[in-house]
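Construct the complete structure from the given sequences, taking the supplied hints into account.
Residue numbers (numbering that gives the first Met the number 0), protein chains in the order written: chain A, 0 to 237; chain B, 0 to 236; chain C, 0 to 274.
Hints listed in this document are in silico derivations from the structure and should not be mistaken for laboratory results.
Because the structure is a prediction, the values reported are computed rather than measured.
Do not rely on the hints blindly, as some may be mistaken.
What the hints assert, rightly or not - Listed next, the in silico EDC-like pairs over lysine to aspartate or glutamate satisfying Cα-Cα at most 20 Å (straight line):
#: 1; chain 1: C; residue 1: Lys90; chain 2: A; residue 2: Asp96
#: 2; chain 1: B; residue 1: Lys51; chain 2: B; residue 2: Glu197
#: 3; chain 1: C; residue 1: Lys90; chain 2: B; residue 2: Glu197
To be verified - Partner residues aside, some chain B positions facing chain C, computed with beta carbon under 10 Å:
#: 4; residue: Glu84
#: 5; residue: Gly144
#: 6; residue: Ser148
#: 7; residue: Pro149
#: 8; residue: Ala153
#: 9; residue: Ala224
#: 10; residue: Asp228
#: 11; residue: Ala232
#: 12; residue: Leu233
What the hints assert, rightly or not - Restraint ranges, calculated between C-beta atoms of paired labels, are given here:
#: 13; chain 1: B; residue 1: Pro168; chain 2: C; residue 2: Asp145; range: 47 to 53 Å
#: 14; chain 1: C; residue 1: Gly171; chain 2: B; residue 2: Leu81; range: 35 to 41 Å
#: 15; chain 1: C; residue 1: Phe167; chain 2: B; residue 2: Val121; range: 55 to 61 Å
#: 16; chain 1: B; residue 1: Lys82; chain 2: C; residue 2: Pro102; range: 53 to 59 Å
#: 17; chain 1: A; residue 1: Val49; chain 2: B; residue 2: Leu81; range: 39 to 45 Å
#: 18; chain 1: A; residue 1: Ile235; chain 2: C; residue 2: Arg154; range: 43 to 49 Å
#: 19; chain 1: B; residue 1: Leu30; chain 2: A; residue 2: Ala218; range: 52 to 58 Å
#: 20; chain 1: B; residue 1: Val106; chain 2: A; residue 2: Gln90; range: 39 to 45 Å
Glycine included, each C-beta is placed from N, C-alpha and C at the ideal position.
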Amino acid sequence: MNTTAPATASHRPPAFFADAIRLARKDLLIEFRTRSAFLAATVFAVLAVVIFRFTWDPTAIPAFDLAPGVLWVIFTFSGLLGLNRSFGLEQAERAYDGLLASQMSRESIFAGKVLANLVFVAGVQALTLPAVALFFDLQVGSAWGVLIGIVLCASLGLAAVGTLFAAIAANTRLAELLLPMMTLPFFVPLVIPAAQTSAVILRGQPLDDALPWFKLLLAFDLVFVTACLAVFPFTIEE
Amino acid sequence: MATSAATISRGTVPDVKAFDSFLAISLIAVLASCVRAIWFTPVDAMLGAAQKNFYVHVPAAIVGLYVACGLLAISSILYLWLKDERLDRLAEASAEVGLLFMGIVLVTGPIWARTSWGTWWVWEARITSTLFLWLLVLGYLVLRGAVESPESRARLSAVMGALAALLVPFIHLTVKLFRGMHPQPVVLKPEKPSMPPEMLATFLMATVAFLLLFFALLRMRMRWATLRDARAALEGA
Amino acid sequence: MPIPHETGATAVAGHPSGYPPVATLGVLPTGVTVEAAPVAVRAEGLVRAFGGRRAVNEVSLSLHEGDCLALFGPNGAGKTTLLRLLGGLLKATRGTAQLHGVPLPGPAETRRLVGLISHNSMLYPALTVRENVRFAAECQGVLEADQATTQVLGRLRVLDREQTPVRFLSRGLQQRVSIARALVHGPRLVLLDEPYTGLDEVGALAFTDALRELKAGGATLVLVTHNLVEGLSLATRAVIMRDGAFVYDERPSAVGFDLAAFQARYRSLVHEGIA
Chain A
0 MNTTAPATAS HRPPAFFADA IRLARKDLLI EFRTRSAFLA ATVFAVLAVV
50 IFRFTWDPTA IPAFDLAPGV LWVIFTFSGL LGLNRSFGLE QAERAYDGLL
100 ASQMSRESIF AGKVLANLVF VAGVQALTLP AVALFFDLQV GSAWGVLIGI
150 VLCASLGLAA VGTLFAAIAA NTRLAELLLP MMTLPFFVPL VIPAAQTSAV
200 ILRGQPLDDA LPWFKLLLAF DLVFVTACLA VFPFTIEE
Chain B
0 MATSAATISR GTVPDVKAFD SFLAISLIAV LASCVRAIWF TPVDAMLGAA
50 QKNFYVHVPA AIVGLYVACG LLAISSILYL WLKDERLDRL AEASAEVGLL
100 FMGIVLVTGP IWARTSWGTW WVWEARITST LFLWLLVLGY LVLRGAVESP
150 ESRARLSAVM GALAALLVPF IHLTVKLFRG MHPQPVVLKP EKPSMPPEML
200 ATFLMATVAF LLLFFALLRM RMRWATLRDA RAALEGA
Chain C
0 MPIPHETGAT AVAGHPSGYP PVATLGVLPT GVTVEAAPVA VRAEGLVRAF
50 GGRRAVNEVS LSLHEGDCLA LFGPNGAGKT TLLRLLGGLL KATRGTAQLH
100 GVPLPGPAET RRLVGLISHN SMLYPALTVR ENVRFAAECQ GVLEADQATT
150 QVLGRLRVLD REQTPVRFLS RGLQQRVSIA RALVHGPRLV LLDEPYTGLD
200 EVGALAFTDA LRELKAGGAT LVLVTHNLVE GLSLATRAVI MRDGAFVYDE
250 RPSAVGFDLA AFQARYRSLV HEGIA
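Printed below as a string of structure tokens:
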């Protein structure tokens with residue numbers, strides 16, 4: 000008995016990276032066309048920065064003590080705005096069924112979604128970081144590189160965990176309410192190390208002080224990107 | 000109506016007894032240990048009468064954090080592998096009863112803190128970890144409540160439970176990197192417990208009593224879940 | 000008024016059964032020699048349980064290329080579940096299923112053999128017709144995606160609207176684009192889950208025509224529908240399901256098919272118990 004699919008000359012087999020990138024591009028194209036989540040996230044970010052700035056007493060708290068908190072609170076909540084839409088766009092006409100019925104592997108679907116969310120979150124941060132630096136008059140200097148590195152690492156962790164829980168929440172009634180409830184405890188080992196590392200940088204302390212926090216952040220990324228990838232197929236009914 | 004070979008969930012449907020003797024015994028045990036703690040145990044020289052809180056706070060923490068969350072994590076992971084719905088009921092029951100015990104920790108903790116150090120809340124390592132775990136388990140239960148189909152509910156909450164198991168060490172590490180005011184471990188240390196024998200005896204008694212109460216409540220909750228699922232299966236068929 | 004039956008090949012004078020053999024025609028004639036075509040889908044003792052409840056209860060069947068299986072039945076009878084089992088989209092609790100010889104659940108590539116059409120369009124409203132179908136083609140590994148997209152859009156007569164975002168199209172047009180999306184990769188098995196929902200009469204007729212073409216091309220169809228008229232006009236096999244099992248199984252295109260009896264049976268089985 001033939002145990003492989005009938006060979007057809009005009010098809011190619013599923014390919015993890017190509018499939019994931021194609022899916023990410025599609026997601027980002029849709030987001031670019033509708034601009035709904037990106038606008039909401041950016042508006043939220045600017046509003047938050049302004050509110051924090053105007054309720055801040057510079058004589059009581061130095062900028063580099065407040066700014067990391069502001070930065071990472073905005074990061075978390077604007078990230079959540081983007082994550083909601085990640086599977087929301089698949090729900091409208093049940094397009095998700097179409098993806099699941101294709102030859103794409105479940106893992107490549109997950110990777111594609113994570114990639115799109117990563118770009119989204121990093122994009123919002125690309126606007127937020129300069130805004131915070133500007134409004135709080137921060138002296139970052141040569142540490143921009145490290146700061147960007149932290150943002151990317153934290154964005155990866157947020158995207159991975161957030162995408163997985165968005166996939167779970169898509170099956171429920173109150174997805175928008177449930178997603179923050181489920182994910183915020185998971186963001187704790189992500190956001191606190193990121194904030195602490197940023198604080199070390201902004202205070203001008205030696206980078207070695209931030210090393211244990213940074214290692215924790217990397218470990219979180221490593222463990223959770225792998226775990227979420229492994230566990231994603233279970234979010235699909237089969 | 001066409002006869003359907005609809006099978007009822009695995010595991011026998013439990014009898015509904017009017018009086019749960021296991022629960023009664025465990026409640027008496029807890030009461031007895033409290034009585035012993037208040038009247039028959041010496042008062043700590045340094046910390047005063049407020050220290051008696053220890054005999055409720057710590058056993059509740061051991062049961063709520065280690066036993067309940069451990070059961071939740073293990074049964075979630077096993078469910079993903081074995082797909083046995085009894086594991087799902089165990090996870091559900093552990094989460095709910097665990098939430099209760101962790102709640103006791105989060106209430107007795109601030110009471111002790113207030114009487115000992117003057118503040119209701121301190122952001123130190125262990126109580127903060129407990130708070131995050133409590134929120135995590137709460138999120139787990141809210142997820143369960145939000146999924147309609149029983150099969151999906153079991154599967155999705157098992158995913159969250161499995162990930163939560165991975166999260167716990169990260170929360171501990173994160174929170175530990177902040178130094179804290181919490182009393183250093185007195186009992187769960189590598190060396191011998193450094194408490195006088197009468198206090199140790201009370202503590203052990205309290206721990207056993209809380210464990211009994213946990214398992215009594217767990218069993219009760221699991222029975223309730225089995226009945227509920229059996230009824231749903233009959234209604235759906 | 001009699002339901003128009005499937006008219007595949009025209010009768011050829013002089014041939015014993017009235018139809019020429021398959022080889023000379025290149026298309027499958029109506030139901031008569033379907034057994035001579037290769038088996039496309041085979042299922043044996045399929046069971047799918049959700050918790051304690053069996054949605055599909057010991058179903059066995061075999062479908063040949065060019066067959067169209069119409070599944071009727073009340074809600075909750077297990078039609079959609081069976082559909083997904085046959086397409087490899089759900090795993091069976093017990094029993095076996097094969098798709099073109101490949102045991103299910105097969106590797107991810109076997110999903111390429113299947114096209115899924117449902118009452119949801121499964122399209123992205125913000126993307127254009129062309130973008131939607133091309134994306135589906137590439138996801139299914141089609142090599143000349145642009146070409147295949149143009150071809151299928153032309154066949155379904157939506158090529159003139161290909162640059163329009165889907166959300167601006169009428170429901171009927173969206174359904175056509177949805178069909179294009181499902182067929183662009185040339186599936187051998189087409190699963191249809193209540194596709195007539197929301198289609199008006201004109202749309203329904205056009206849709207049925209498209210399905211007839213598919214059958215003639217040798218694809219196998221499994222159609223879940225509440226639309227008795229359209230379903231029976233396409234089906235080579237009509238089944239009424241209840242509680243996960245086949246309770247009535249007929250061949251509408253065979254000689255001696257009693258439409259009135261089927262309709263009566265359908266009414267009694269589907270509407271029984273409803274006040």
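Hints, one by one, checked against the model:
Only pairs whose Cα atoms come within 20 Å are accepted, and Lys90(C) paired with Asp96(A) is accepted, the gap being roughly 15 Å. For the hint pairing Lys51(B) with Glu197(B), the CA-to-CA distance comes to about 13 Å; that is within 20 Å, so the pair holds. Distance check on the hinted pair: Lys90(C) and Glu197(B) sit about 60 Å apart at the alpha-carbon level, beyond 20 Å; violated. Hint status for Glu84(B): holds, given a least beta-carbon distance of 6 Å to chain C, under 10 Å.
Hint status for Gly144(B): violated, given a least beta-carbon distance of 17 Å to chain C, over 10 Å. Taking 10 Å as the C-beta contact cut-off toward chain C, the hint placing Ser148(B) at the interface holds, the least distance being around 7 Å. Below 10 Å, beta-carbon pairs count as interface contacts, and Pro149(B) has one with chain C at about 5 Å; its hint therefore holds. At about 8 Å, the closest approach between the beta carbon of Ala153(B) and any beta carbon in chain C falls short of 10 Å, and the interface hint on this residue holds.
A hinted interface residue such as Ala224(B) counts as satisfied when its beta carbon comes closer than 10 Å to some beta carbon of chain C; here the least separation is about 12 Å, so the hint is violated. At its closest, the beta carbon of Asp228(B) sits 7 Å from a beta carbon of chain C; the interface hint therefore holds under the 10 Å criterion. Contact between Ala232(B) and chain C, as hinted, is supported at the beta carbon level, the nearest pair being about 4 Å apart and thus within 10 Å. The closest approach between the C-beta of Leu233(B) and any C-beta of chain C is roughly 9 Å, which is under the 10 Å cut-off, so the hint is satisfied.
For the pair Pro168(B) and Asp145(C), the supplied restraint of 47 to 53 Å holds, since their beta-carbon distance comes to about 50 Å. At roughly 48 Å, the beta carbons of Gly171(C) and Leu81(B) sit outside the given window of 35 to 41 Å. In this structure, Phe167(C) and Val121(B) meet the distance hint of 55 to 61 Å, their C-beta atoms being roughly 59 Å apart. The beta-carbon spacing between Lys82(B) and Pro102(C), approximately 21 Å, falls outside the hinted interval of 53 to 59 Å.
For the pair Val49(A) and Leu81(B), the beta carbons lie near 53 Å from each other, so the given range of 39 to 45 Å is not met. The hinted window of 43 to 49 Å between Ile235(A) and Arg154(C) is violated, with their beta carbons roughly 32 Å apart. Checked against the hint of 52 to 58 Å, the pair Leu30(B) and Ala218(A) fails, with Cβ atoms roughly 45 Å apart. For Val106(B) and Gln90(A), the hinted distance range of 39 to 45 Å is satisfied, since their beta carbons lie about 40 Å from each other.
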